[in-house]
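Visitor: In case you want the letters, here they are:
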Amino acid sequence: MRRGIKILDRVGGAAGAALVAAACAVVVVPLVFMIGSSFMPAMDIMQMPYRWIPETWKPANYLRALAGNDGQWMYLRNILNSVIVSTTIAITTVVLSSMVGYGLAKFRFRGRNAVFMAIMGTMMIPFETVMIPLYLIIVKAGLQNSYAGLILPFLMNAFGVFIMRQYLVTFPDEMLDAARIDGCSEPRIFRDMVFRNSGPAAATLAILSFRQQWDNLLWPLLVAQEERMKTIPAYIVKFTAEKHADEGAMMAVAVIASLPVFVLFFTLSKYFLGGSAVYQAGKE
Amino acid sequence: MKRRESASGLERNRARWGWVFVAPGLLFFSVFSFYPMLNAIWTSFFNKRLLSLKAPKFIGLQNYQRVLGSEEFWNSARATGVFTVGVFVPLFCLSLLFAALITQMRRGKRLAQAALYSPAVLSSVVAALIWLLMLDPRGLANQAVNWIAMTPGIDHQWLSSATMVQVSTMVVYVWKYLGYFTILFVTGIGKIPDSVNEAAMIDGAGPVRRFFSITLPLLRPTTVLVSVMILIQCMKTFSTQYLFTQSGAPLAPINVITLNIYNTAMRDLNIGRASVMSTILFLFMLALTWVQLRVSKGDEAES
Numbered sequence: 001m002r003r004g005i006k007i008l009d010r011v012g013g014a015a016g017a018a019l020v021a022a023a024c025a026v027v028v029v030p031l032v033f034m035i036g037s038s039f040m041p042a043m044d045i046m047q048m049p050y051r052w053i054p055e056t057w058k059p060a061n062y063l064r065a066l067a068g069n070d071g072q073w074m075y076l077r078n079i080l081n082s083v084i085v086s087t088t089i090a091i092t093t094v095v096l097s098s099m100v101g102y103g104l105a106k107f108r109f110r111g112r113n114a115v116f117m118a119i120m121g122t123m124m125i126p127f128e129t130v131m132i133p134l135y136l137i138i139v140k141a142g143l144q145n146s147y148a149g150l151i152l153p154f155l156m157n158a159f160g161v162f163i164m165r166q167y168l169v170t171f172p173d174e175m176l177d178a179a180r181i182d183g184c185s186e187p188r189i190f191r192d193m194v195f196r197n198s199g200p201a202a203a204t205l206a207i208l209s210f211r212q213q214w215d216n217l218l219w220p221l222l223v224a225q226e227e228r229m230k231t232i233p234a235y236i237v238k239f240t241a242e243k244h245a246d247e248g249a250m251m252a253v254a255v256i257a258s259l260p261v262f263v264l265f266f267t268l269s270k271y272f273l274g275g276s277a278v279y280q281a282g283k284e
Numbered sequence: 001m002k003r004r005e006s007a008s009g010l011e012r013n014r015a016r017w018g019w020v021f022v023a024p025g026l027l028f029f030s031v032f033s034f035y036p037m038l039n040a041i042w043t044s045f046f047n048k049r050l051l052s053l054k055a056p057k058f059i060g061l062q063n064y065q066r067v068l069g070s071e072e073f074w075n076s077a078r079a080t081g082v083f084t085v086g087v088f089v090p091l092f093c094l095s096l097l098f099a100a101l102i103t104q105m106r107r108g109k110r111l112a113q114a115a116l117y118s119p120a121v122l123s124s125v126v127a128a129l130i131w132l133l134m135l136d137p138r139g140l141a142n143q144a145v146n147w148i149a150m151t152p153g154i155d156h157q158w159l160s161s162a163t164m165v166q167v168s169t170m171v172v173y174v175w176k177y178l179g180y181f182t183i184l185f186v187t188g189i190g191k192i193p194d195s196v197n198e199a200a201m202i203d204g205a206g207p208v209r210r211f212f213s214i215t216l217p218l219l220r221p222t223t224v225l226v227s228v229m230i231l232i233q234c235m236k237t238f239s240t241q242y243l244f245t246q247s248g249a250p251l252a253p254i255n256v257i258t259l260n261i262y263n264t265a266m267r268d269l270n271i272g273r274a275s276v277m278s279t280i281l282f283l284f285m286l287a288l289t290w291v292q293l294r295v296s297k298g299d300e301a302e303s
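Chains W and F are the protein sequences, given in the same order.
Just so we're aligned, residue 1 is where the first sequence starts under the numbering used here, counting upward by one.
Just so we're aligned, residue 1 is where the second sequence starts under the numbering used here, counting upward by one.
Keep in mind the hints are simulated off the structure, nothing from the lab.
You can trust all of the hints, since none of them are fake.
Distance ranges between label pairs, derived from CB positions:
(1) Ala144(F) - Val11(W): 25 to 33 Å
(2) Pro49(W) - Thr289(F): 42 to 50 Å
(3) Val295(F) - Ile91(W): 35 to 43 Å
(4) Pro90(F) - Ile181(W): 58 to 66 Å
(5) Ala25(W) - Ile192(F): 24 to 32 Å
(6) Leu76(W) - Val167(F): 32 to 40 Å
Here the structure is a predicted model, which is why all the values come from computation and not from measurement.
Glycine included, C-beta positions come from ideal geometry on N, C-alpha and C.
Only chain W is shown next, with the shape it has when bound in the complex:
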């Protein structure tokens, strides 16, 4: 009986592994398609049957992608915008979240629980619900088409506060007290001891925030209506929707947009997957 089950397990395992392998292949196909097609003339992409390896190479797609259909080289500027916005947000999120998380983790004061619950409560507010009031605030402040307008609503988030607090709760109190007895000021303790030692949690949070903003389409669509202030996702939509857009150039645009995140993924996959497992809610 037991032997029968072992055999069953082994056969099942082999079949399962084959199924997983097939699924992986299917899932990866569109990525191969993206990369291959980015080097092909448009005619070859829509050719039947599709040839996976380009017959005629057309690296000029990449020039077209960067120059745009109108030759204004707006993609370069939009990439720069995405880098500025996403990097700034990653930094401010980590700094501010660890500050607030530290305050909630290591200080006793009346109303601390209420503050914590209130901040956690904001996780339930979908960004789509508040985007229009936020947009009106930005308009009123005269910050449309500015980096400040793109960045401000995402300076920090509740999820960041949550993971930094959970991480810092375990920070040894003795070390903090020792530093206090030595006469260190509270801001210095935070900067030199607490913040310096929040590495793994901070890295996970930074990557998460960076990616979220790299991906963000809805907010830049609202606040950045001028071409020069658009970010990558908005550029992609515009480039794709234009008449006579070249399919090969579209895929080149897509490859360029994906390069930074893939580089992050391959160099820091530890934090990537750690983040995805921890990540439960947050702004889109």
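Since the structure of chain W is provided, determine the placement of chain F on it from the hints.
Guide: Leaving out everything else, chain F in the frame of chain W:
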């Protein structure tokens, strides 16, 4: 005596520093979360238009009446519902299936997870763009389906037929998030102690039986978490539908609620009505979160 005084003074000083560290958070969330949330609810009772110089007028529930009485809103509710169910079922089942299979594998676990996860690295817009080309009448999707079904030369109208364009958006989503949720399930299954499984094996339970009577019940916290995450994610979907409609796909079948909010505010400039839909979306999310909290509390009580 003197000592105690200074100790309580120290404590008060510490409490003050606590507030100092928390203050930026309070300020930020008040301005960028609580105020806009209340403002959205407030505005839903006003006749407010974007770019209009007239002061908005209080009109009670008229916005609600208009929205709830309009076909467009119900179409959006339907589109969002269909999309959510159409993504939830395959995404949940497939990621659970692949997680169960991957944990059984002896070699290549990490490679398989990385391969399945790779689309999740892409931006949503890029994901939608790749599929936009593959779903073209002359594209790869028609070729592949026709090859498998042996129906050469048929165009499945992925982006033009009302039914198929909905299916297409679902395909993009399932493809993009399959690996992400598979990894969550793999992590969940990994937390189940081996001894339970071994005991069942000794008792003569086959792999399928073990999956249904051991893995699945013990995996409950993860299944609840994944379900709620998929539902919330689906109800907020925007990028795929936006890119597809901007590139010429018909709007009505995939006019999901977020797209409708965006268009109502930015194209029709009707902030009041957009706020009504925002408020309804918020209530749905709140209900979902409440269900999740109740279910996970119930789990704690049980164990």
